[in-house]
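Student: All chains should be modelled from the sequences, with the hints used to inform the complete structure.
2 protein chains.
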Amino acid sequence: MSDSNPAGLIFSLFNEIGIINQLSTARFAKVLAPDLNPSEFGVLNHFVRLGDAKSPSYLAKAFQMTKPSMTAILGKLERKRYVEIVGSVEDRRRKIVTLTDAGRAARDRGIASMAPLAAIIMEHQDLGELEKILPTLQALREFLDAERNAVDGLT
Amino acid sequence: MSDSNPAGLIFSLFNEIGIINQLSTARFAKVLAPDLNPSEFGVLNHFVRLGDAKSPSYLAKAFQMTKPSMTAILGKLERKRYVEIVGSVEDRRRKIVTLTDAGRAARDRGIASMAPLAAIIMEHQDLGELEKILPTLQALREFLDAERNAVDGLT
DNA sequence: TAATATTAGTTAGATAACTAACAATAATGG
DNA sequence: CCATTATTGTTAGTTATCTAACTAATATTA
Numbered sequence: 001m002s003d004s005n006p007a008g009l010i011f012s013l014f015n016e017i018g019i020i021n022q023l024s025t026a027r028f029a030k031v032l033a034p035d036l037n038p039s040e041f042g043v044l045n046h047f048v049r050l051g052d053a054k055s056p057s058y059l060a061k062a063f064q065m066t067k068p069s070m071t072a073i074l075g076k077l078e079r080k081r082y083v084e085i086v087g088s089v090e091d092r093r094r095k096i097v098t099l100t101d102a103g104r105a106a107r108d109r110g111i112a113s114m115a116p117l118a119a120i121i122m123e124h125q126d127l128g129e130l131e132k133i134l135p136t137l138q139a140l141r142e143f144l145d146a147e148r149n150a151v152d153g154l155t
Numbered sequence: 001m002s003d004s005n006p007a008g009l010i011f012s013l014f015n016e017i018g019i020i021n022q023l024s025t026a027r028f029a030k031v032l033a034p035d036l037n038p039s040e041f042g043v044l045n046h047f048v049r050l051g052d053a054k055s056p057s058y059l060a061k062a063f064q065m066t067k068p069s070m071t072a073i074l075g076k077l078e079r080k081r082y083v084e085i086v087g088s089v090e091d092r093r094r095k096i097v098t099l100t101d102a103g104r105a106a107r108d109r110g111i112a113s114m115a116p117l118a119a120i121i122m123e124h125q126d127l128g129e130l131e132k133i134l135p136t137l138q139a140l141r142e143f144l145d146a147e148r149n150a151v152d153g154l155t
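Those protein sequences? They're chains A and B, same order as listed. Once you know that position 48 of the first sequence is 48 in my numbering, the rest is easy, because the numbers rise by one and skip nothing. Once you know that position 109 of the second sequence is 109 in my numbering, the rest is easy, because the numbers rise by one and skip nothing.
Hints were generated in silico from the structure; no laboratory data involved. One or more of the hints may lead you astray.
Restricting the straight-line Cα-Cα distance to at most 16 Å, the calculated cross-link-like pairs of lysine to aspartate or glutamate (EDC-like) are [claimed, not checked]: (1) A:K61 / A:E142; (2) B:K132 / A:E90; (3) B:K30 / A:D145; (4) A:K54 / A:E90; (5) B:K30 / A:E147; (6) B:K54 / B:D91; (7) A:K30 / B:D91; (8) B:K132 / A:E129; (9) A:K30 / B:D145.
Tutor: This is how it looks when you write it as structure tokens:
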């Protein structure tokens, strides 16, 4: 597995990242269930951290997701009364999504339910190491994103 | 986004990893298509690198995947004549999957088609940095895997 | 200003993963 | 040695994502 050639390194890297993503998403999904899945939680959390009253299109871009996927997620959140969706008056193509009190409460429950898992990871993994790799991952993500947009763009 | 509290760090980390996984998988899928998807390529590549004549169950574990998912992937590879699947005589529950010559050729084409993308990444990202973060990611992956098995195990 | 292009969101259909439940076989232990 | 348990792989059904194609509204341009 310890590939010494550069392409092998990149391949190993994406391989590890893929497995971590799968394992971590599955774990988060389990502790969040049955109220929310990770995508729905992510939207509620974004609203709490960065403010609500965003358009579906903005959210799709923020989460690196296609518009139809965001439509589906927002539809589920709306049915649960965790968000409200109204048409914009300035631009009647647009919709505006806002968080409800129930949505904020659901997000807080989500945070609480994930805390033990985060604690376990903090206990057994070197936080300093994890902090050190974050900038490299961010740079890689930004590069892939820019490169993708250069080729085709997210429709 | 630069969370200073530990739980926020972990959340940011998994967030970056999730986006990188999505972007990189989509890119690899695009260059591999239409012959193979990344999962199918992964199985062929595993055979070339680590030897074939594995059981579906072994492969499912190796790829952190459920057995039904591996059944589906192997079915597609078998229909393309890239692998052969025969029953084991020693243990008649088991099947044994082997790579065909066509499968090896398909894997080689896959490697060739991914080379330009790997080259672009190598050109624009600091390979030394990427190499440095790999052990940390491996440790995190191993921890999540062990932790998962401690709780329930992959069915 | 009318025609064209772009943007926002939705609908329809495909795909690839998952869980649950099952049949067939092998291993274990009273 | 037989009954129970575990393992291997499949089938059936669900889910979350995607792409393609569409409508409606706005912006651009000839």
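Student: Compare the structure with the hints numbered earlier in the document and write down the numbers of the violated ones, lowest to highest.
Tutor: 2 and 7
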